[in-house]
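Line by line, the protein sequences give chains A and B.
Take 325 as the starting number for the first sequence in this note's numbering and just add one per residue.
Take 134 as the starting number for the second sequence in this note's numbering and just add one per residue.
Read the hints as simulated data drawn from the structure, not as lab findings.
Incorrect hints may have been included.
[To be verified] Distance condition first, Cα-Cα at most 20 Å in a straight line; then the derived EDC-like pairs of lysine to aspartate or glutamate:
#, chain 1, residue 1, chain 2, residue 2
1, A, LYS329, B, GLU686
2, B, LYS732, A, GLU454
3, B, LYS690, A, GLU552
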Amino acid sequence: MQFLKDTHIKFTGHSNKAITVSLAIILAGLVSLVFVRGLNYSIDFTGGTLNHVKFSREVEADEIREAFDNQGIEKRVVQGTSRPTEYFIRMPEYSREGGIAEQVEAALAAVDPDYEILSTKGVGPQIGEELRRNATLAIIGALVAIGLYISFRFKFYFALGAVAALVHDVLFTLGIFSFTQMEISISTIAAFLTIVGYSLNDTIVLYDRIRENMQSRKRYDIKDLIDESINQVLSRTIITSLTTLFVVVVLSFAFGEVKIFAYAMVIGVITGTFSSIYVAGPLLIAWQKKLKTS
Amino acid sequence: MFKKTRVRFIIIAVVVILAGYSLYWSIAYSTMSEAEKENLKEKGELEKYHDRILHLGLDLQGGIHLVLQMDIPKLVQNLASNKDDKFYDLVEQAQKISREKDTDFLQEFKNQVTEKNIKLARYMSDLGYKNENILNQLDQEAKDARSRALAVIRNRVNQFGVSEPIIQKQGEDRIIVQLAGIEDPQRARTLLQRTANLEFKLMKDPRVTQSLIESIDEYYKSGEGTKVDTAIAEGDTSEADSTVAVKEAQDTTVSVEDILGPQTDQDTAGADSTVVVDKELMKEKPFSSLLRSGREGIILVKKENKYLVDKMLNEEDVQDLFPYNSDFYWSPEPEPITLRSGTTEEFYKLYHLNKEADLKGTYITDAEASIGGGGTAAGQNIVNITLNNRGARELARLTGANVGERLAIVLDNSVYMAPSIRQKITGGRPYIEGFENMEQAKDIAIVLRAGALPAPVDIINERTVGPTLGQASVDIGVQLMLISFVIVIVFMVIYYKKSGLIADLALILNLIIVMAVLAYFNATLTLPGVAGLILTVGIAVDNNVLIFERIREELEKGKTVKSAIDSGYKSAFTAIWDANFTTIITSFILMQFGTGPVKGFAVTLLTGVIASFFTAIFVTRTIYNYMTEKKVKQTLSI
């Protein structure tokens with residue numbers, strides 16, 4: 325069996341249109357990110373408490389809200405899950421002092437005495453700040469390290485193309501996260517880094533082929549050469565994207581942080597495949613022209 | 134390299150065998166029933182497994198993860214008196230800056246003091262007159278408080294009795310505590326944050342202890358405690374060879390930190406009965422056969438036997454045998470003790486003490502390790518203790534009435550030492566002597582101060598997972614993994630036919646190796662770790678896809694099977710190398726910056742990628758070599 329046998333698609337020919345579409349989406353995402361909805365940071369970054377509670381009967385979210393109001397805890401977000409007996413209750417502070425834990429217990433018991441706290445996550449303000457710092461450092465560090473590695477293994481303008489593709493992916497995913505208001509947690513950051521790594525795989529496989537083709541012939545038209553290289557690796561790109569997609573789609577049936585991680589990965593696999601074909605490849609033409617003329 | 138197919142197969146076989154051995158323990162452990170585990174635990178052999186198996190993370194088996202932070206600002210406030218608004222502002226300001234700039238609080242405090250030209254002696258005259266001296270003193274106090282907090286927390290965590298508690302120092306001011314499989318997280322939190330409880334309790338007369346031990350023996354011998362009894366009978370056989378050493382051991386327990394005063398020859402009556410020669414005797418004395426006699430009425434219990442002894446002592450009917458106001462207490466940690474035979478083993482000390490405190494730890498105002506100045510203690514390592522007036526009176530009364538007895542230092546129900554009372558102590562300034570070195574003296578001073586000067590500790594981060602959710606996560610994790618695995622495997626066979634099968638074989642081997650490596654390093658598998666494992670499947674497959682696509686291309690160019698395989702592997706390699714290397718880079722960065730869950734993900738991913746070099750390239754290549762070596766193949770199923 326073989327899909328896409330011997331293709332000759334002129335990718336560089338219509339890359340402008342493709343990039344325009346994706347830039348439009350990114351732009352809309354950025355507008356949403358900066359001006360409209362922002363990002364939904366999880367308590368990993370904002371600090372706070374998140375309780376995952378299971379009741380012995382089906383409960384309405386309003387019942388829980390009222391019970392918390394009665395205990396004088398007004399700053400709480402009650403969020404349902406796919407199961408009508410389970411809820412996430414989020415509070416903006418994390419403290420073991422002042423009897424808050426007892427108040428929460430009293431509120432939950434008022435809803436249903438047979439409640440069970442399935443999990444608790446608490447993040448103090450210091451930790452939140454630290455995690456934000458570390459996450460930013462991690463992403464910047466990864467991009468720099470990768471850029472260096474590619475400049476070393478390929479040529480400098482390859483690194484520019486690769487990093488541009490990565491920035492494209494991260495912005496695209498961030499935009500989607502802002503639209504959908506999915507939570508940005510530590511796991512999401514891990515997903516972003518994995519996306520970076522994954523998208524990079526596609527790009528590197530393509531660049532490797534381009535480099536090989538450049539070395540094996542004396543004279544070439546850069547456009548044709550890139551198109552040919554993309555077509556040569558196309559079959560592999562599609563197969564790998566498909567298998568990875570299978571895996572992350574299955575993962576998205578998990579719950580909690582792994583679910584969001586999987587969602588991020590689904591978006592990332594799609595944008596990663598797209599960017600390696602339409603961003604990383606065609607950009608080489610532009611960079612190479614610039615570098616040659618200067 | 135490794136041209137010969139046979140050599141390659143041998144290498145693969147070795148790897149598979151090593152991986153299999155590494156996984157054997159985990160498989161054996163996970164298929165064990167609870168009863169079997171309990172049995173091994175009583176025999177003290179379960180630890181062998183714990184050191185070799187792949188552990189499930191807190192998110193998978195339930196448990197609590199806490200990050201505790203020393204509250205140094207609060208400590209500074211506690212040390213000050215005559216506090217006014219100016220002082221509170223000072224602390225608050227320093228705290229704010231240190232948080233923003235991620236710097237040391239005390240350093241910022243110093244800067245603030247100098248900047249605002251504040252005379253600290255106004256608030257902390259006890260610590261000195263000059264600012265410089267006071268600040269140095271504060272540094273010392275903070276350092277001290279850190280070690281106190283660590284000692285207190287370590288002791289409490291050990292008392293939870295969970296199988297593998299983790300206590301880790303993180304940076305200067307943080308302690309990470311992980312308790313897996315704990316049923317009641319609320320209790321754990323309260324217990325860890327509670328102020329330390331220091332008490333002094335008189336040791337029971339050895340004769341009383343001896344007769345109690347005898348009646349416990351009787352109880353178990355009579356068969357009433359059958360459940361535990363059988364376990365001992367089995368436990369004995371495994372100990373048969375060590376009994377020889379034990380025989381010599383009766384007065385051997387060479388003093389490790391035996392304490393205070395000349396050794397009385399007053400025999401702990403237990404000495405006879407603890408020497409067990411044969412199994413018959415062990416059956417005669419099911420309880421005391423697990424005990425060894427130490428000096429001066431202190432009972433020693435081999436580390437492996439602690440769980441069983443504790444369980445036997447906690448039996449309700451046995452507790453009824455205890456005399457009025459008496460209970461058993463353990464030393465906080467096992468210590469190596471060298472027997473006369475030359476073997477060194479780890480023992481816990483077991484003390485039979487008054488249940489009610491004879492003196493409260495809160496009477497202590499200070500305790501300090503130093504070198505003795507005069508009398509019998511001259512030149513020795515000692516701990517000087519200062520009590521307040523009320524404490525001094527109580528101590529005088531207590532010591533006057535109990536000269537020659539031993540007074541145990543009990544912190545949060547663990548006994549750190551039990552010095553003997555040599556004479557009536559008046560004036561409230563006793564000292565303890567007989568330490569082997571300064572370190573030991575300092576440790577005891579820390580314990581003694583823990584009751585008086587609590588080191589404020591905050592919980593700043595927690596993750597708690599209840600056992601129900603843990604089990605649900607395991608189930609879902611396993612299911613998802615199987616599903617995604619099967620999809621990929623089936624897809625590969627459909628798309629690449631027999632070559633797909635080869636890739637699948639490599640894939641399975643890859644997972645086995647990753648699990649084995651994790652088990653070997655005694656790592657913990659978390660839910661994000663499982664996600665990393667699943668992603669590894671994707672990456673490992675990609676390597677084979679790259680190779681297969683290349684081979685197909687070469688075949689289309691009309692090359693023979695053998696040379697197509699050759700150049701397929703060769704030309705795919707650079708792409709595989711670069712692609713995987715960048716994944717390795719990101720995994721490392723994730724490990725560096727990530728916290729718990731992210732780290733778990735990065736570790737499995739990293740192991741998986743490295744293992745895939747071996748499985749996806751070396752192993753599959755070997756199989757192809759084997760296929761093409763014997764006869765010239767005309768077609769390749771790919």
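Evaluation of the provided hints:
1. A:LYS329 - B:GLU686: holds, 10 Å
2. B:LYS732 - A:GLU454: Holds, at roughly 16 Å.
3. B:LYS690 - A:GLU552: holds, 16 Å
Checked against the numbered hints above, the structure breaks none of them.
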